[in-house]
Amino acid sequence: MSEPILRVENLKKWFPVKRSIRQVLSGERTQVKAVDGISFDVQKGEIFGLVGESGCGKTTTGKLIMKLLDSTDGKMYMEGEDVTGISGDALAAHRRKVQMIFQDPYASMNPRFKILDVLMEPLVIHGVGETSQERETWAIKALEEVKLTPPDEFLSRHPHMLSGGQRQRAATARTLMLSPSIIVADEPVSMIDLSTRAEILHMMRQVQRELGLTYIYITHDLSTARYFTDRLAVMYLGRIVEMGVAGEVIDNTLHPYSKALIAAVCEPVSGRVNRIKEVPIKGEIPAATNIPQGCRFHPRCVYATQACWEQPEPELFDAGNGHMVACRRYEEILEKGDAAKTSEAEF
Amino acid sequence: MDNILEVKDLELHYFTQKGVVKAVDRLSFDLKKGETLGVVGESGCGKTTMATALLKMPTPPGRIVGGQILLDGDDIMPLSETEIRRRVRWERISMVFQGAMNCLTPVYTIEKQMRETLQQHRQMDRAEAGKRMLKYLNLVGLSSDVLRRYPHELSGGMKQRVVIATALFLEPKVVICDEPTTALDVVVQAEIINLLKTLKEEMGLSFIFITHDLSIEAEVSDRIMVMYAGRAVEIGTNEQIYGPQGSAHPYTQRLLGATPRLHEEVKELSFIPGTPPDLLDPPSGCRFHPRCPVVMERCPHDDVWVREIEPEHMVACWRC
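Chains as they are written, first to last, in the working numbering: chain H, 1 to 347; chain D, 1001 to 1320.
None of these hints come from the bench; they were simulated from the model. Keep in mind that the hints are not guaranteed to be accurate.
Listing some non-contacts, in silico: residues in chain H with all C-beta distances to chain D over 12 angstroms [stated by the list, open to error]:
id: 1; residue: A264
id: 2; residue: G271
id: 3; residue: A307
Just so you have them, the derived chain D footprint on chain H, three or more residues with Cβ under 8 angstroms [claimed, not checked]:
id: 4; segment: 105-118
id: 5; segment: 189-198
id: 6; segment: 219-226
Idealized CB from N, CA, C, for every residue including glycine.
The shape of chain H in the complex, shown without the other chains:
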C-alpha cells in the first residue's frame, strides 16, 4: 500500500477539568479523556468514517486533524510529514490542505456575507489569488463543482436565501476554494431534509471522485456511514474499538460494542412493530473523566469476564483482512452469539 495521506499514531486529547480548592491542595487532577490513544491511516482518495455515540470523541478527533485543537500526546503525519507540533507558516499551510464542512451550514456562514464573500473569505485569509476577478472566477468554478447552477444567480445571495441543501452545497464549495487534499465533514447531512440528504451525499462523492479528494466523514448514523464511506472506525469513550471496510464492519461485526450499536439501528422494513428489540448492552456510557479499568467497555459488555477488567486494555489488532478489533475475546463471543441467536422475543 502506498504512503497514507494521513497517519495518526496514539493521538490523545485530554481536557483539564476545573478543580475545587481541596483538589488543588491535594494535587488531585481530573481530565476529560475525550480522545485517548487512537491510531489510524487514511489513504489518498478514500472516504474514512468515524462513527460513535455522542461523547465518544469523534468530533474532537476531527478538530485534532484540522489542528483546531492541539493534541495532548501522540503523533500525526500528513503526507509523511510530522504535523504534530507545527505552528506559524507550517500551520497555515496545513489548514489550507485540510478543510472542514460543519453540521449546521447556516451557523457556519456569516449571515451578512453574500455567497461570493463567503467563498472568497478563505482566499483572502490565506492571501491566495492576485485580483478579485481571479478569485471570483474560482468561486464560480467551485459553485459549478457543487452543482449550484447558474453560479451568477447564487453569488449575490445571502445564506438565508438558500435552502438547507443549497447552503450545504455552498459550504462544500467554500471548502474547495483552497484546493485542499482532505475534507473533514462533521455530520454534514444530519440537519438536511431526508429527501435532499441523499442528493448532498451524492454530490459530495462526485466532487471527491473528480478532484481526487480524501474525506473524513464523522457521523452517528451508521446507515449513511455504510452507504458513504469506504472504511470506518467505531469509537467508544475516546478509543477505536473496531475498524475496517464499511460493509465488513457492519455485516460481520466483531466487537460487542459495535454489535450493540448495530442491533439498535432502526430499519425501514415491515414486520418489526410487534417485537421488542433486545440490544446487547448494559447501563449507560460512563463519564470520560472516570474511564473504567481494563477494557473500557467492560461495565456495559454483556460478555465481560473477570479477565476483561483485570488485564490491561486490549489494543486494536488485525483479525484478518485488515478488519481490526480491540477485544481479546471476540472469537469466543462470536460463538456464544451464534448459539443464543434467539434474542428477539415476540409478544
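Here the structure of chain H is known, so what remains is to put chain D in place on it, guided by the hints.
The following block gives chain D in isolation, referenced to the frame of chain H:
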C-alpha cells in the same frame, strides 16, 4: 367504538404578515384503540402543527379554521378553552413535545416538577401524589431516587422517561409523541422505543408518533400517515408501507429510496429533486407534482385527496 380519535377535514392556517400559510390542509384520519399511528414527513410538512391542533392549542398566528376532532365520539371543536383544559387536554389526550426533555426546569427537582403537574389538575394529598409519581416512574423504568435529583443529574434517556411519565400521569387515552427519540443516541433510542411499545401493550394506550425518520416509524407504528406540504399523501398499515410489495405514492416510494439501509450494499441512493414547497405559495393541484417523476397532465390542475385503494390503504395520487 373502534376509533378513539377521528379527525375530519382538519384545517389549520397561520395568518402571517406575508399571507396565509395552509399548514394543515383538509386532513382526515383516525386512530384506533391501542394502536400507534405514525406521522412522517419532512420538516415543515405540518406534522407538529397537526399535533397542536389535536390539543386545540395552535401556536399563534395559527388558527384552526375548520374540521372536526372526535375524541371517543365527542366533538371537541365546540368546547370552550376552560372545558378543554378541564376535560380534554392532558386528561384524555396528552403530548410529549419535541425537545421536552431539555425543557425541564433546571432549578426544580424532578419531584417538584412532577408534583406541579398533578396539583394543577387533581386535588390530591401529598402521600397520594407521592404514590402516583412512584407508580409512573416505575412504569417507565426509573427508580424512586430520581425524584430527589435535578435535571442536570440525569442522562438524556432518563429525562425523556421522566417526560413520558409526566405525560401519562393523568391517565390519558391518547398520547402524542413528537420526535421523542431524535436527540438520543441509537442505543437509548431503542430503549425508549421498547418502552413505548410496552406501555401501549400494558396500558392499552393509543399513540400518535411523529418523526421525520422512516426507519423509526417502521419499528414503532402499526399504521403510518405520510404528510407532504400540509396534506396527507398516503395512509397505510406498516405492511402496506414497508412490506415487499412497496408503498403506493411516488413521494413515499422516493423517500424510502432515499433512506440508506444498514445491511444492504447500495451503490446509489435515489433522491427527490427540488425542495419542499413554500406553503405561502404552494403549487396548484397535487402539491407534489413539481418534484414527481411520474407526473401526468392533470396533476398540476386537479387537487387530489386521499382515497381508499385497498382496505386500510389510502393514497392521494391520480395514478393510483
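Here's how the hints hold up against the structure:
Listed as a non-interface residue, H/A264 fails to keep its Cβ farther than 12 angstroms from every Cβ of chain D; the least gap is roughly 4 angstroms. Look at H/G271: its CB is around 8 angstroms from the nearest CB on chain D, not clear of 12 angstroms, so calling it non-interface is violated. With a least CB separation of 25 angstroms from chain D, H/A307 remains clear of the 12 angstroms interface cut-off, as annotated. A count of 0 residues in the segment 105-118 of chain H with a Cβ less than 8 angstroms from any Cβ of chain D is obtained; the coverage claim is therefore unmet, three being the minimum.
Beta-carbon proximity to chain D at under 8 angstroms applies to 6 residues in the segment 189-198 of chain H; the threshold of 3 is reached and the given coverage holds. Counting residues of the segment 219-226 of chain H whose CB lies closer than 8 angstroms to any CB of chain D gives 5, which reaches the minimum of 3, so the coverage claim holds.
Hints 1, 2 and 4 from the list above are not met by this structure, while the remaining hints are.
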